[in-house]
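Chain Y: place on chain B using the hints.
As you go down the protein sequences, you meet chains B and Y in turn. In this text, residue positions in the first sequence follow the UniProt record's numbering: the first is 1, and each later residue adds one. In this text, residue positions in the second sequence follow the UniProt record's numbering: the first is 1, and each later residue adds one.
These aren't lab readings, by the way, just hints derived from the structure by calculation. Being a predicted model, the structure only gives us computed values, none of them experimental. All residues carry an ideal CB built from backbone N, CA and C; glycine is no exception. One or more of the hints may lead you astray.
[As the list claims (entries may be wrong)] Quick look at which bits of chain B chain Y covers, simulated, 3 or more residues with Cβ under 8 angstroms:
1. 4 to 17
2. 93 to 100
3. 153 to 167
4. 222 to 235
5. 238 to 248
[As the list claims (entries may be wrong)] To list a few chain B residues with every Cβ distance to chain Y over 10 angstroms, as calculated:
6. C21
7. L23
8. G53
9. R56
10. L58
11. I61
12. D75
13. L85
14. T138
15. S143
16. A146
17. T148
[What the hints assert, rightly or not] In silico negatives: residues of chain Y with every beta carbon more than 12 angstroms from chain B:
18. D18
19. L25
20. E52
21. G53
22. D60
23. P65
24. A135
25. T148
26. G149
27. A151
28. D234
2 protein chains.
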Amino acid sequence: MSLTLTALKDVPLVREGDDLCALVLAGLETNRLALAEGDTLVLAQKIVSKSEGRFRRLSDITPTPQAIALATETDKDPRLVQAILDESTEVVRKRRGVLVVRHRLGLTMAQAGIDQSNVEGADDRLLLLPRDPDASATRLRESILAQTGKAVGIVIADSFGRPFRNGTTGIAIGAAGIQSFIDRRGDTDLFGRVLKVSTIAHADEIAAAASLLMGQADEGLPIVHLRGPVLRGDSPAADLIRPAAEDLFL
Amino acid sequence: MSLTLTALKDVPLVREGDDLCALVLAGLETNRLALAEGDTLVLAQKIVSKSEGRFRRLSDITPTPQAIALATETDKDPRLVQAILDESTEVVRKRRGVLVVRHRLGLTMAQAGIDQSNVEGADDRLLLLPRDPDASATRLRESILAQTGKAVGIVIADSFGRPFRNGTTGIAIGAAGIQSFIDRRGDTDLFGRVLKVSTIAHADEIAAAASLLMGQADEGLPIVHLRGPVLRGDSPAADLIRPAAEDLFL
Numbered sequence: 001m002s003l004t005l006t007a008l009k010d011v012p013l014v015r016e017g018d019d020l021c022a023l024v025l026a027g028l029e030t031n032r033l034a035l036a037e038g039d040t041l042v043l044a045q046k047i048v049s050k051s052e053g054r055f056r057r058l059s060d061i062t063p064t065p066q067a068i069a070l071a072t073e074t075d076k077d078p079r080l081v082q083a084i085l086d087e088s089t090e091v092v093r094k095r096r097g098v099l100v101v102r103h104r105l106g107l108t109m110a111q112a113g114i115d116q117s118n119v120e121g122a123d124d125r126l127l128l129l130p131r132d133p134d135a136s137a138t139r140l141r142e143s144i145l146a147q148t149g150k151a152v153g154i155v156i157a158d159s160f161g162r163p164f165r166n167g168t169t170g171i172a173i174g175a176a177g178i179q180s181f182i183d184r185r186g187d188t189d190l191f192g193r194v195l196k197v198s199t200i201a202h203a204d205e206i207a208a209a210a211s212l213l214m215g216q217a218d219e220g221l222p223i224v225h226l227r228g229p230v231l232r233g234d235s236p237a238a239d240l241i242r243p244a245a246e247d248l249f250l
Numbered sequence: 001m002s003l004t005l006t007a008l009k010d011v012p013l014v015r016e017g018d019d020l021c022a023l024v025l026a027g028l029e030t031n032r033l034a035l036a037e038g039d040t041l042v043l044a045q046k047i048v049s050k051s052e053g054r055f056r057r058l059s060d061i062t063p064t065p066q067a068i069a070l071a072t073e074t075d076k077d078p079r080l081v082q083a084i085l086d087e088s089t090e091v092v093r094k095r096r097g098v099l100v101v102r103h104r105l106g107l108t109m110a111q112a113g114i115d116q117s118n119v120e121g122a123d124d125r126l127l128l129l130p131r132d133p134d135a136s137a138t139r140l141r142e143s144i145l146a147q148t149g150k151a152v153g154i155v156i157a158d159s160f161g162r163p164f165r166n167g168t169t170g171i172a173i174g175a176a177g178i179q180s181f182i183d184r185r186g187d188t189d190l191f192g193r194v195l196k197v198s199t200i201a202h203a204d205e206i207a208a209a210a211s212l213l214m215g216q217a218d219e220g221l222p223i224v225h226l227r228g229p230v231l232r233g234d235s236p237a238a239d240l241i242r243p244a245a246e247d248l249f250l
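This is chain B alone, in the form it adopts within the complex:
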């Protein structure tokens, strides 16, 4: 049983308003990859955000007194802190250089996922997460189906830090057409014992696999094609967000 991941070469820099479906289909053609039913496409969050115009300018932001205080505590630009707060529902951890929040999407993450790097042009541009990444994935899936007749899986991947472990890994912030969360609780193994591993973050594993290729070029490789045994379904990436009240580790 095999799984093949291919990072598309020569994907142009994405600008606001660009059609992701056209971009993906052109990229597949350039790379001589014929899309098949059941293939999965993994997109870096930043190209989805850029196509959706999720930019802000630091120079447009007037920080509130709360943001100014938090900026002093964390040694960050008060306007950046304001942008982080605007994207968040709760500050989870703060420390010099560190601001971990619960993003309005439910994701617990540093800096609300706001990216200052690889945003071409003016120095003061910020790139926010897509407004609704599962919806972005669904729209792309439907456009690809309409244009090609192929039902594919879509994963929108971002790199996240984690408690207990050093280094980031790719995780899924949006998905469509795949079973992002696999729940086998109660299933038994070969010997009739209840499985040790009963729930699987399937879309996160797909994002992590794609991330192995995405980071390998200086300019990044923001689209990865995956062919292999991915579980199709309709569990969105939002299913992977654990409510704080159910968190065994907290």
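What follows is chain Y alone, placed relative to chain B:
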């Protein structure tokens, strides 16, 4: 740029004392895969533990008063709790049905990674983590090099739950011949900005990718061959364990 993962079929059940190198090389041959320099092999933790005889029997364990009290609190078998404590340096979280510990290897995990499922034979067998998974990976790497002349990467993978996210993902508990932890702090992007993602849990992403295939058969597929752009190096999986004092999330 491509990455291909292949799960070996027809790997026999592993018993104590089995030679992992012989098992891997026989598996590659059965699956008609010729090993190449720079390939990576991902092994499920359980076959490494089994080959090393990391079994205990519940019936051999006499729980201490501490284990009995903790067993009552968590609604677990006191002998299992004793086995968990014997593998751990600290209880991190306890709740009905839940016992998260810091394993003596430094890993923060449920049940100290002790597996009661898929251990064939007597009902009361427990399977512990390998004594030193990085050393296990290094031994296997050296045996393969000696027998085939090929320098490969080795990852020993296990499935872990995580704070904030539902579902488990594959992570690396042991590695050899690869750069488990990639540190690019201070590097800049295309536009001269400091990279947003500056550290990567490379071995965890490899383990997650392999995990996509490992769980796909009823009996499990415990060996995955990976060919593609893996960063070679000598950072062991232990480099991925974040000391509690440095944890931004805690």
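Return the numbers of the hints above that this structure violates; sort them in rising order. none
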